[in-house]
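Q: Given only the sequences and the hints, what does the whole structure look like? Please build it.
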Amino acid sequence: MIPAAFEYHRPKNVQDAIGILVEHGDEARVLAGGHSLIPMMKLRMAAIEHLVDLQDVDGLSGISIDGGRITIGAMTTQHELITHDGLATAAPILREAALQIADPQVRYVGTIGGNVANGDPGNDMPGLMQCLDASFTLVGPDGTREVAARDFYEAAYMTERSDEEILTAISFNATAGGYSYEKQKRKIGDYATAAAAVLLQKDGDTCTGASIAMTNLSDTPVFSEAAGAALTGTSVGKADIEAAVAAALSDIDPTEDNRGPVEFKRHVAAVVIARAITRAWSRA
Amino acid sequence: MSDKMHLKMTVNGKQEDLLVEPRELLIYVLREKLNLTGPHVGCETTHCGACTVELNGKSVKSCTVLAAQAQGAEVTTVEGLSTPDDLHVLQKAFREHHGLQCGFCTPGMITRAHRLLQENPNPTEEEVRFGIAGNLCRCTGYQNIVKSILAAAAEMNAAKEAAE
Ligand SMILES: Cc1cc2nc3c(=O)[nH]c(=O)nc-3n(C[C@H](O)[C@H](O)[C@H](O)COP(=O)(O)OP(=O)(O)OC[C@H]3O[C@@H](n4cnc5c(N)ncnc54)[C@H](O)[C@@H]3O)c2cc1C
Ligand code: FES
Ligand code: FES
Numbered sequence: 001m002i003p004a005a006f007e008y009h010r011p012k013n014v015q016d017a018i019g020i021l022v023e024h025g026d027e028a029r030v031l032a033g034g035h036s037l038i039p040m041m042k043l044r045m046a047a048i049e050h051l052v053d054l055q056d057v058d059g060l061s062g063i064s065i066d067g068g069r070i071t072i073g074a075m076t077t078q079h080e081l082i083t084h085d086g087l088a089t090a091a092p093i094l095r096e097a098a099l100q101i102a103d104p105q106v107r108y109v110g111t112i113g114g115n116v117a118n119g120d121p122g123n124d125m126p127g128l129m130q131c132l133d134a135s136f137t138l139v140g141p142d143g144t145r146e147v148a149a150r151d152f153y154e155a156a157y158m159t160e161r162s163d164e165e166i167l168t169a170i171s172f173n174a175t176a177g178g179y180s181y182e183k184q185k186r187k188i189g190d191y192a193t194a195a196a197a198v199l200l201q202k203d204g205d206t207c208t209g210a211s212i213a214m215t216n217l218s219d220t221p222v223f224s225e226a227a228g229a230a231l232t233g234t235s236v237g238k239a240d241i242e243a244a245v246a247a248a249l250s251d252i253d254p255t256e257d258n259r260g261p262v263e264f265k266r267h268v269a270a271v272v273i274a275r276a277i278t279r280a281w282s283r284a
Numbered sequence: 001m002s003d004k005m006h007l008k009m010t011v012n013g014k015q016e017d018l019l020v021e022p023r024e025l026l027i028y029v030l031r032e033k034l035n036l037t038g039p040h041v042g043c044e045t046t047h048c049g050a051c052t053v054e055l056n057g058k059s060v061k062s063c064t065v066l067a068a069q070a071q072g073a074e075v076t077t078v079e080g081l082s083t084p085d086d087l088h089v090l091q092k093a094f095r096e097h098h099g100l101q102c103g104f105c106t107p108g109m110i111t112r113a114h115r116l117l118q119e120n121p122n123p124t125e126e127e128v129r130f131g132i133a134g135n136l137c138r139c140t141g142y143q144n145i146v147k148s149i150l151a152a153a154a155e156m157n158a159a160k161e162a163a164e
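In order, the protein sequences belong to chains A and B.
By UniProt numbering, the letter at position 2 of the first sequence is numbered 2, and the numbering carries on one by one without gaps.
By UniProt numbering, the letter at position 36 of the second sequence is numbered 36, and the numbering carries on one by one without gaps.
Hints were generated in silico from the structure; no laboratory data involved.
Hints are all accurate, no fakes.
Simulated pairs of lysine-lysine, PhoX-like, Cα-Cα distance not exceeding 20 angstroms:
1) K12(A) to K8(B)
2) K58(B) to K8(B)
3) K160(B) to K92(B)
4) K33(B) to K4(B)
5) K4(B) to K42(A)
6) K14(B) to K33(B)
A: Now the structure itself:
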């Protein structure tokens with residue numbers, strides 16, 4: 001279980017890193033925390049000739065909160081997301097979700113950039129980014145562009161990012177109202193059987209805005225506009241939650257695997273979505 | 001074969017200078033090149049935590065760190081916690097409270113617990129359990145491991161207070 005040989009690069013800035021990607025095309029890959037990529041390399045499921053380690057690249061980590069806009073550098077670790085008090089106030093759903101990823105050792109090194117760029121439907125951050133309507137900053141040989149998280153995922157491990165681009169940052173608006181990230185897993189540290197991210201706004205007894213997204217229930221993260229619409233304008237009673245769950249379930253397409261058959265996954269999805277809505281509403 | 005690289009890192013306070021392939025895993029560099037056999041290989045798939053070491057002040061599973069990533073790093077293994085004459089407080093607590101049976105998970109547990117107590121010197125039982133969630137033990141049922149870590153925390157805090 002040792003990776004095949006590769007040439008190791010440790011550039012100091014984004015332009016040099018992109019230069020290496022341009023020179024070697026799809027034979028090159030960037031390395032962030034390595035906790036998705038190295039396991040794949042050990043299993044020889046990823047063959048990489050040139051590994052571009054981003055750990056010394058300047059300006060890729062840190063969290064900044066500027067008015068209502070939050071920007072997180074791609075190399076910021078899950079541990080840093082959890083321990084950042086400003087982020088816990090401005091968008092507490094990040095800490096709630098990050099605490100449900102893997103285990104302490106993995107969270108010290110796993111980065112938010114690697115988690116969203118990876119394209120594994122089991123990763124938790126992509127679903128959360130749908131819910132937050134986040135934007136990803138990609139830098140490549142032709143310059144910088146912004147891609148909405150909701151437009152980024154094409155299929156498992158297939159994203160809008162081209163081989164020569166590096167994801168440098170993620171940004172989204174500070175959240176208001178109630179929030180919840182609910183995840184069902186087989187054991188602590190596991191990927192989701194099903195998970196749901198919910199943000200709700202409230203005025204008096206009425207829900208004035210709702211954003212609902214899901215993890216590991218399709219080959220991409222799922223943003224369910226219909227589920228949010230089913231709650232908006234209601235008082236989030238039992239029937240309203242049932243309607244939102246039904247809408248969300250019609251947007252997913254789970255497949256059978258070692259976490260269970262399709263019927264079970266749909267059942268678990270319904271449970272976590274309803275729980276997430278209920279909890280978010282109680283916090284709104 | 002990729003070219004070998006000069007790997008310089010500080011391990012348990014000692015500067016090491018090695019010739020390695022970048023693809024080698026840190027756990028094997030520690031065990032086979034430096035004879036530090038405290039960190040164990042349990043699963044080799046980032047699950048069990050037996051290979052846990054401290055890398056630049058973070059607990060990491062060294063079966064999932066490339067040697068090349070450790071260039072310039074400071075590494076501490078369980079061997080670095082004790083002196084030849086005296087065990088670390090955590091090691092004594094594990095012995096005292098029966099925090100191990102076969103001992104396979106113990107170096108990883110203790111190295112992880114060491115970091116946990118530096119970040120949170122006064123953890124609750126729940127915080128200890130959550131903090132060692134990346135370390136599996138097939139013998140003890142965790143009860144006595146948690147007891148050992150809590151006892152070590154109390155002892156370390158008492159020693160700190162006495163010193164003040
Ligand atoms: C035991 C275990 C349990 C886990 N459980 C969970 C879980 O429950 N939920 C979860 O979400 N994740 C889980 N993970 C995955 C973990 O969170 C990873 O750390 C994360 O998915 C990837 O982040 P990384 O920094 O390690 O990226 P890497 O492994 O370094 O990279 C992953 C991929 O993204 C690409 N990439 C990385 N950074 C960039 C960038 N800046 N620009 C462009 N491309 C980039 C890489 O080329 C690679 O293809 C688990 C991992 C392990 C080992
Ligand atoms: S051997 Fe590294 S986690 Fe099990
Ligand atoms: S004491 Fe045997 S695995 Fe923990």
